[in-house]
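From just these sequences and the hints, can you work out the full model?
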Amino acid sequence: MDTQTDETLMVNFSKGDQRAFAELYQRYKNPLYRYFVHQLGTAQHARAEELYQDVWYRVIDKRESYAPTAKFTTWLYHIAHNLVIDEHRKMMSSSAYTQSLKDEQAETPDWDGDKQTAIKACMALLAPLQREAFLLRHEAGFESAQICEIVGAKAEAVKTRLRYAMDQLRQCLTKKLGDRQ
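At position 93 of the sequence shown the residue is numbered 175 (this note's numbering), and the sequence of numbers has no breaks.
It is worth saying that the hints were derived from the structure and are not from the lab.
Ideal placement from N, C-alpha and C gives every residue a C-beta, glycine not left out.
Honestly, I wouldn't trust all of these hints.
[As the list claims (entries may be wrong)] The calculated lysine-lysine pairs, modelled on PhoX-like cross-linking and capped at a C-alpha distance of 20 Å, are:
1) Lys97 <-> Lys172
2) Lys97 <-> Lys144
3) Lys202 <-> Lys258
4) Lys197 <-> Lys257
5) Lys257 <-> Lys153
6) Lys197 <-> Lys236
7) Lys257 <-> Lys202
8) Lys172 <-> Lys111
9) Lys111 <-> Lys197
[Claimed, not checked] Pair by pair, the computed Cβ-Cβ distance ranges are:
10) Glu221 <-> Met174: 34 to 40 Å
11) Lys257 <-> Glu146: 32 to 38 Å
12) Lys236 <-> Asp84: 19 to 25 Å
13) Ala227 <-> Tyr139: 23 to 29 Å
14) Ser226 <-> Lys257: 26 to 32 Å
15) Pro150 <-> Thr242: 28 to 34 Å
16) Asp249 <-> Thr124: 20 to 26 Å
17) Arg140 <-> Glu221: 35 to 41 Å
18) Arg101 <-> Glu225: 35 to 41 Å
19) Asp84 <-> Ile142: 17 to 23 Å
20) Arg140 <-> Thr90: 38 to 44 Å
21) Thr85 <-> His170: 35 to 41 Å
Structure (structure tokens):
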């Protein structure tokens with residue numbers, strides 16, 4: 083079953099093959115969960131888990147309407163993107179989130195050469211749209227055209243988000259790590 087394409091597995095699942103769903107779940111459980119954690123911030127692990135589960139519920143609910151005209155991953159991450167957008171809207175109206183974000187940004191990590199800590203801290207400082215474009219490109223491995231489909235943006239907007247994200251990450255890491263990069 084691991085030699086079948088994602089699209090074939092999803093079509094098979096829509097016809098009732100539970101093993102196909104299990105295979106898709108296995109393939110994407112780690113990258114999809116990381117996507118949510120990175121999008122919501124490290125302080126929101128529990129909510130990331132909830133949204134992660136919501137994606138799979140929606141995959142199950144929409145299985146019969148799936149048409150393999152686009153890549154499965156594009157379809158899956160489009161669902162995830164919509165959940166993240168809804169969550170950001172809810173969180174922006176919440177004073178608790180605003181305080182959580184301030185606390186996360188105010189934390190002074192130990193910059194003793196720990197590049198992972200530096201990268202996480204710098205990623206948290208990116209604007210949400212830039213962070214999302216960066217993660218979809220560099221962590222999930224999507225091409226710009228796929229990112230456009232997932233987030234519903236034009237190619238120039240995605241390119242701009244990626245460029246600004248890279249510039250800001252480079253500046254932040256240079257500032258935080260200096261010569262230790």
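Taking the hints in turn, this is what the structure says about them:
{"no.": "1", "hint": "Lys97 <-> Lys172", "result": "35 Å, violated"}
{"no.": "2", "hint": "Lys97 <-> Lys144", "result": "12 Å, holds"}
{"no.": "3", "hint": "Lys202 <-> Lys258", "result": "12 Å, holds"}
{"no.": "4", "hint": "Lys197 <-> Lys257", "result": "12 Å, holds"}
{"no.": "5", "hint": "Lys257 <-> Lys153", "result": "39 Å, violated"}
{"no.": "6", "hint": "Lys197 <-> Lys236", "result": "33 Å, violated"}
{"no.": "7", "hint": "Lys257 <-> Lys202", "result": "14 Å, holds"}
{"no.": "8", "hint": "Lys172 <-> Lys111", "result": "25 Å, violated"}
{"no.": "9", "hint": "Lys111 <-> Lys197", "result": "25 Å, violated"}
{"no.": "10", "hint": "Glu221 <-> Met174: 34 to 40 Å", "result": "24 Å, violated"}
{"no.": "11", "hint": "Lys257 <-> Glu146: 32 to 38 Å", "result": "51 Å, violated"}
{"no.": "12", "hint": "Lys236 <-> Asp84: 19 to 25 Å", "result": "36 Å, violated"}
{"no.": "13", "hint": "Ala227 <-> Tyr139: 23 to 29 Å", "result": "28 Å, holds"}
{"no.": "14", "hint": "Ser226 <-> Lys257: 26 to 32 Å", "result": "28 Å, holds"}
{"no.": "15", "hint": "Pro150 <-> Thr242: 28 to 34 Å", "result": "31 Å, holds"}
{"no.": "16", "hint": "Asp249 <-> Thr124: 20 to 26 Å", "result": "23 Å, holds"}
{"no.": "17", "hint": "Arg140 <-> Glu221: 35 to 41 Å", "result": "21 Å, violated"}
{"no.": "18", "hint": "Arg101 <-> Glu225: 35 to 41 Å", "result": "29 Å, violated"}
{"no.": "19", "hint": "Asp84 <-> Ile142: 17 to 23 Å", "result": "21 Å, holds"}
{"no.": "20", "hint": "Arg140 <-> Thr90: 38 to 44 Å", "result": "20 Å, violated"}
{"no.": "21", "hint": "Thr85 <-> His170: 35 to 41 Å", "result": "38 Å, holds"}
Of the numbered hints stated above, those contradicted by the structure are hints 1, 5, 6, 8, 9, 10, 11, 12, 17, 18 and 20, listed in ascending order.
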